[in-house]
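Protein chains in written order, with the numbering used here: chain A, 1 to 166; chain B, 1 to 103; chain C, 1 to 391.
There could be a bad hint or two in this list.
What the hints assert, rightly or not - Incomplete in silico selection of chain A near chain B, CB under 7 Å: (1) A18; (2) L22; (3) A41; (4) I82; (5) S86; (6) L117; (7) I152.
Note that these hints are calculated values from the structure, not bench results. A virtual CB, placed ideally from N, CA and C, is assigned to each residue, including glycine.
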Amino acid sequence: MTATFLILAVLTVAGTAAAMGLRNAVHCVLALTVGFAGVAALYLQLDAQFVGLTQIMVYVGAVAILAVFAIMMTHSPTPVPIPAYSTRWALGGVVAAAVFAVLAWAICSSSASSQILPPQPDINVQQIGEALMHQYVLPLEIMGLLLTAALIGAVVIAMDRKEEIK
Amino acid sequence: MSSLQSYLLLSALLFSIGLAGALTRRNAILVLIGIELMLNAANLNFIAFWRFGPTPSKLTGIMFAIFSISVAAAEAAVGLGIILAAYRHSKTTDLDQMNSLKG
Amino acid sequence: MIQTLDQIFVLAKLWLLGYVPAVAQPLASAILSVVPILIAFPLLFAITTWLERKGLGRMQNRLGPNRTGPFGLLQPIADAIKSLTKEDIVPVTADHLVHFLAPLVLVMAAFLAYAVLPIGRNMVLVNMNAGVLFFFAIGSTVELSVFMAGWSSRSKYSLLGAMRAVAQMISYEVPMVLATIVIIMQAGSLSTVTIVDKQAGYTGIFPHWFVFTPWGFMGFALFMIAATAESNRSPFDLPEGESEIIAGYYIEYSGFKFALFFLGEYLGMFATSGLAITLFLGGWSAPFSFLTWIPSYAWFFAKLLILIGAFIWIRGTLPRLRMDQLMNLAWQYVLPMALINMLVAGIWHFMPGGLLRWLVCTALLAAPCVLLSLALKRKKRLQVRTYYFAE
């Protein structure tokens, strides 16, 4: 457990805990951005350069912006502010804690404790591109179809239908 | 505690934080953010296993993470579109009030 | 002698590193590489503010600043003193933490982008394997700071300006990346150093820059349009110069924070110009083979100054685009042209070299260009306006 890993881990956990805990929705998304950046830094620490930079570009640059746009568009100043947590928040907390307990027990009692760090893999983007085009071309094409369907679907669902009523 | 174990514990912690948020928050958008956090935690798991695995040159972990990021982005877009449509209908994003199908 | 002049900064850094104990050498090497960037580009920012005000003034048939020093050359210093001594007004209902952090995030992201630009031979800060991807990843965090600035001010005009600015920046990010993919296809690598090295040869006296090919020229044009829109420069400055009275998303900022926004925006402009130079204009290589005795960093900054002059020229010449015209340009002209450009670059790669290749590729690019421009000029039926945010 190196110092870099500890700092990045604390940053990520703090960001995500703030993202799920804060009252103001926009503050939550901004804290989430810090959490995503922390996860991207962890990817870079694990020598996965392409995935780390893609994480920043997609999550910080697109998903977070999408979330703040949605919060802006659904923000209506009500006379009584809506409480932040649902009425059954204790049950949710207990379930999440139980899931973490089971996962932690499984990790600590597995053979993962005896893994040593292999030498640094020499991965460049060209190998990823070749793998995408040779071995993984079917998932790539399906991903293209999925993204097209999601694009068209999101536009159709969120479209303003006021013109049809007239 | 070795490095792989610490990465896996971190990813489990992120997953449970995302799960807690998805189960307890009222705003629908924040629930969606919790789901995104869970996907991120799973990705971190994949990359950690790829790095510490026997053959990092096979790129399986990286491929899975790349496809997972794309699917998560698409799902976030569609989910937020649905939330916008639901807001337009019922003028609120409070999930506790969207219970008209409750028996 | 020429080699020494060319590598003088690298040699100076190595000489200084000799005085540092071996334990602290990585840290000292990083600091010694970063400090010149922190000095050079804000200095260029100061020069650019003067150049812009003088240039715009002359284009508008008036003198620019001419009181402070000869030809107004001390104007940047006067501006700096003014912005430092102004009162820092923050609205009472503003979100103070986010309001404070927004300009910092902008300037930080703008400075991070310089890490992968090769400023001279062997003079890149970090030779990343995926350098171009790093640049675009950092560029996409600028939108977040724009939104933070607009939302935290809790003012309707600033929120509207922020929405428009973010929508514009997201729309033009896709064509910018697509225009870059053509270069990556041809160079075979995402590393900026490799891309510049591929453009360093000469046939006769003419260089091998990518801009001198049909797809490279089109890619350069599309990249510059997208870069102008990304840094909110005129003619795409609707989010920031709305009627020149209401400044868009940084209305509620005054004093030094406003200067930081200005600095961040201009640094972003320099960074995208630097990337355009690296990808299309050959980086630090000289335009003719008999001019290679001039140092490489001098060529980089000369090209950067020419591009900045072009930005100022366009700002003084073209009128502002309306929001829907801007969006139409992005999604119905620049994006299809970028996709067709990718197709043409692929055809160029597989055809044998010669005149036929030039003719086919130029025709395949010119025809959609003309057709799409004609399609953009068609009159739109205006619809009933719906107000989204004034409920």
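Problem - Ascending list of hint numbers which this structure does not respect - result: 1, 2, 3, 7
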